[in-house]
Amino acid sequence: MHMSETADPKAAVMSMPVAGDWSPEIIRQEVAALQHKPGALLPILHAIQDRVGYVPEGAVPIIAEMLQQTRADIHGVISFYHHFRTHPSGSNLLEVCRAEACQARGGRALERHVQERLSVGYHDTTADNEFTLVPVYCLGNCACGPSIRVNNDIIGRVTPQKFDQLVDTLTTSVLQLK
Amino acid sequence: MTTTIYVPCDTTALSLGADRVAQKLQQAAAQKNIELHLVRNGSRGLFWLEPLVEVQTPYGRVAYGPVEPEQVDELVAAGLFDGNPEHPLFLGDISQHSYLQQQQRLTFARIGITDPICIEDYIAHGGFVGLKKAAALTLQGIVDEVKASGLRGRGGAAFPAGIKWQTVLDEPQNQQKYVVCNADEGDSGTFADRLVMECDPYMLIEGMTIAGLAVGATLGFIYVRSEYLLSQKMLDEAIRRAEVLGYLGDNVCGNGRSFRLEVRLGAGAYICGEETSLLESLEGKRGLVRSKPPLPAIKGLFGQPTVVNNVLSLAAVPYIMAHGGKAYADYGMGRSLGTLPIQLAGNIKHGGLIEIAFGASLRKVLEDFGGGTFTGRPMRAVQVGGPLMAYLPESQWDTPMDYEAFAKLGAGIGHGGVVAFDDTVDMGEQARFAMEFCAVESCGKCTPCRIGSVRGVEVIDRIRAGTNRDNNLVLLQELCETMVDGSLCAMGGMTPFPVQSVMKHFPEDLMARSRPVEA
Numbered sequence: 001m002h003m004s005e006t007a008d009p010k011a012a013v014m015s016m017p018v019a020g021d022w023s024p025e026i027i028r029q030e031v032a033a034l035q036h037k038p039g040a041l042l043p044i045l046h047a048i049q050d051r052v053g054y055v056p057e058g059a060v061p062i063i064a065e066m067l068q069q070t071r072a073d074i075h076g077v078i079s080f081y082h083h084f085r086t087h088p089s090g091s092n093l094l095e096v097c098r099a100e101a102c103q104a105r106g107g108r109a110l111e112r113h114v115q116e117r118l119s120v121g122y123h124d125t126t127a128d129n130e131f132t133l134v135p136v137y138c139l140g141n142c143a144c145g146p147s148i149r150v151n152n153d154i155i156g157r158v159t160p161q162k163f164d165q166l167v168d169t170l171t172t173s174v175l176q177l178k
Numbered sequence: 179m180t181t182t183i184y185v186p187c188d189t190t191a192l193s194l195g196a197d198r199v200a201q202k203l204q205q206a207a208a209q210k211n212i213e214l215h216l217v218r219n220g221s222r223g224l225f226w227l228e229p230l231v232e233v234q235t236p237y238g239r240v241a242y243g244p245v246e247p248e249q250v251d252e253l254v255a256a257g258l259f260d261g262n263p264e265h266p267l268f269l270g271d272i273s274q275h276s277y278l279q280q281q282q283r284l285t286f287a288r289i290g291i292t293d294p295i296c297i298e299d300y301i302a303h304g305g306f307v308g309l310k311k312a313a314a315l316t317l318q319g320i321v322d323e324v325k326a327s328g329l330r331g332r333g334g335a336a337f338p339a340g341i342k343w344q345t346v347l348d349e350p351q352n353q354q355k356y357v358v359c360n361a362d363e364g365d366s367g368t369f370a371d372r373l374v375m376e377c378d379p380y381m382l383i384e385g386m387t388i389a390g391l392a393v394g395a396t397l398g399f400i401y402v403r404s405e406y407l408l409s410q411k412m413l414d415e416a417i418r419r420a421e422v423l424g425y426l427g428d429n430v431c432g433n434g435r436s437f438r439l440e441v442r443l444g445a446g447a448y449i450c451g452e453e454t455s456l457l458e459s460l461e462g463k464r465g466l467v468r469s470k471p472p473l474p475a476i477k478g479l480f481g482q483p484t485v486v487n488n489v490l491s492l493a494a495v496p497y498i499m500a501h502g503g504k505a506y507a508d509y510g511m512g513r514s515l516g517t518l519p520i521q522l523a524g525n526i527k528h529g530g531l532i533e534i535a536f537g538a539s540l541r542k543v544l545e546d547f548g549g550g551t552f553t554g555r556p557m558r559a560v561q562v563g564g565p566l567m568a569y570l571p572e573s574q575w576d577t578p579m580d581y582e583a584f585a586k587l588g589a590g591i592g593h594g595g596v597v598a599f600d601d602t603v604d605m606g607e608q609a610r611f612a613m614e615f616c617a618v619e620s621c622g623k624c625t626p627c628r629i630g631s632v633r634g635v636e637v638i639d640r641i642r643a644g645t646n647r648d649n650n651l652v653l654l655q656e657l658c659e660t661m662v663d664g665s666l667c668a669m670g671g672m673t674p675f676p677v678q679s680v681m682k683h684f685p686e687d688l689m690a691r692s693r694p695v696e697a
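Protein chains in written order, with our numbering: chain A, 1 to 178; chain B, 179 to 697.
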């Protein structure tokens with residue numbers, strides 16, 4: 001098995017669409033491909049976010065019309081789930097685990113360090129648009145915490161030093177890509 | 179000659195650099211002109227040894243671990259490809275390790291041994307025996323076998339699985355029924371569902387198919403939390419391959435019955451691990467909890483009769499069908515029969531998966547398996563069963579791991595997660611976090627949970643600041659009681675348990691005072 005071939009953070013950066021990179025046609029395509037499924041709304045929202053990088057507010061009326069639901073229904077579902085974003089994230093989506101098993105291994109100190117190092121709070125994006133920081137409540141890596149996720153990669157036993165190295169690596173490789 | 183090497187591909191091994199280890203091994207083999215057969219197996223669940231590299235030798239598989247990517251060249255120079263024992267990381271035959279020898283792996287018999295996605299591997303290790311037996315039984319015959327096993331829901335509620343299946347079976351057959359697998363493993367300190375899906379996905383497929391045959395359901399959904407992308411990938415591929423070979427589809431195992439499976443992704447809502455909220459989510463709605471009755475077994479997904487079981491409950495079924503319900507019920511104690519997959523996590527030296535018969539003491543788990551804390555400091559508190567369960571002080575660690583024994587303490591086993599904390603923990607902060615987590619994750623349907631959790635954070639803040647402490651402690655106790663009595667589901671109804679356990683067992687931490695600095 002080589003499941004992680006797609007998990008290269010640099011590849012994720014390159015494929016991340018830039019803000020505003022969507023059209024009503026893209027939304028219609030994604031809805032049309034999935035609307036036959038029972039309870040199709042979550043699969044549709046995932047598909048849109050995977051393709052565009054977020055669920056644009058302009059997608060709501062299109063989804064509503066095609067599913068014959070109200071805009072309020074669609075908005076209500078998007079806003080209920082932490083996973084769905086209505087704005088683009090930075091180049092790297094950084095999730096830091098806040099849950100108990102990571103707390104027991106120094107997770108709180110790591111949280112503070114991450115926020116200081118990046119000078120952002122949760123749900124914020126760094127000024128250079130490199131990182132969007134979000135909290136996550138358990139990544140299932142609980143025997144090897146504290147854990148973080150960068151794009152699709154989960155990283156265990158993260159120390160402040162290890163985190164700093166990671167930030168350096170990610171910001172350097174992004175510069176090289178440009 | 180080809181050298182076969184195993185490098186695990188589960189999330190934990192990957193989080194510690196398993197991919198880079200595999201890459202380095204391939205490079206080293208190429209340099210030495212060794213033909214390498216690299217198998218990405220699952221993890222055996224001895225997480226402090228990950229990445230655990232195994233080499234096939236004429237004398238069997240030998241292991242090295244934990245192997246950091248930077249150590250690969252040195253290990254190869256020391257004769258890793260020949261299984262040379264002269265290296266400090268050499269572990270020998272890992273299946274003889276005392277951590278595994280002390281376990282009874284009925285459900286997790288295959289993890290780490292096989293390539294998770296290789297269906298031939300699964301079949302060679304006893305896979306689909308249970309399904310083939312089930313396919314030859316009557317519907318009632320299958321349900322009776324599950325009843326005989328004494329299997330209780332492993333998601334946390336511990337409801338007898340056989341009775342749930344019977345309820346769905348007894349609903350008229352001329353209607354659509356569903357099997358829904360709850361794979362929204364959100365409790366911190368748990369990863370057993372993930373290990374099933376990443377390391378032995380066919381076992382879950384087999385268990386769900388048996389459930390489908392038993393109750394007359396033709397469609398199943400696996401609701402996987404969005405944090406578990408690797409589980410989703412593994413399951414999607416395994417489902418595809420199982421369909422090709424006729425273990426899923428219109429003619430399951432040639433018995434003429436139909437069963438299909440679809441993986442659905444959650445979207446980062448802890449509450450969707452609650453079964454009725456999960457059903458709402460599957461229907462494409464906000465994950466608001468439903469009132470019961472009606473039970474999901476009678477009116478579940480899209481209003482139809484639905485079996486909703488946790489991953490571990492369904493994963494136990496292939497063994498039960500293959501070996502008989504009685505063989506499973508021979509393990510365990512009292513009304514807690516079979517094995518419990520314990521997930522040992524947090525500040526622990528030897529964290530990992532421990533599948534043992536119900537009845538072992540928590541202390542045995544923490545000491546014999548866990549080996550004490552990771553930091554080497556004294557252990558102070560243990561949370562068993564997830565974020566909605568009590569913190570246990572050392573005086574309670576001799577309790578046997580049994581549903582009833584834990585219930586007597588006002589605690590619970592939940593999904594089997596065990597999170598250890600050393601003496602640097604501030605239990606006041608842990609109590610506050612329980613309320614904070616509930617405020618973030620409440621579905622908002624009932625007031626005691628939605629508002630109570632926010633007020634809980636505020637009251638605990640005042641207590642910890644020493645503001646009107648005694649009165650605020652009374653207020654907190656009353657708030658906890660209101661939440662327990664007035665909430666619809668376990669989220670609001672059990673969030674007070676960790677808080678109350680701190681008030682009872684660690685009251686000194688609710689005083690404003692300093693604690694040793696975190697290591």
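A portion of the hints provided could be inaccurate.
DSS-like, lysine-lysine: derived pairs with alpha carbons at most 30 Å apart [what the hints assert, rightly or not]:
(1) Lys527(B) <-> Lys325(B)
(2) Lys37(A) <-> Lys504(B)
(3) Lys325(B) <-> Lys37(A)
Just a few of them, taken from the derived set where beta-carbon distance is under 10 Å, the chain B residues facing chain A [said to hold, decoys possible]:
(4) Arg442
(5) Gly462
(6) Ala523
(7) Asn525
(8) Trp575
(9) Asp600
(10) Ala617
(11) Glu619
(12) Cys621
(13) Asp648
(14) Asn649
(15) Leu651
FYI, nobody ran anything at the bench for these hints, they're computed from the structure.
Glycine included, every Cβ here is placed at the ideal spot set by N, Cα and C.
Of all the hints given earlier, name the ones this structure violates by number, lowest first. Those not satisfied are hints 1, 2, 3, 8, 10, 13, 14, 15.
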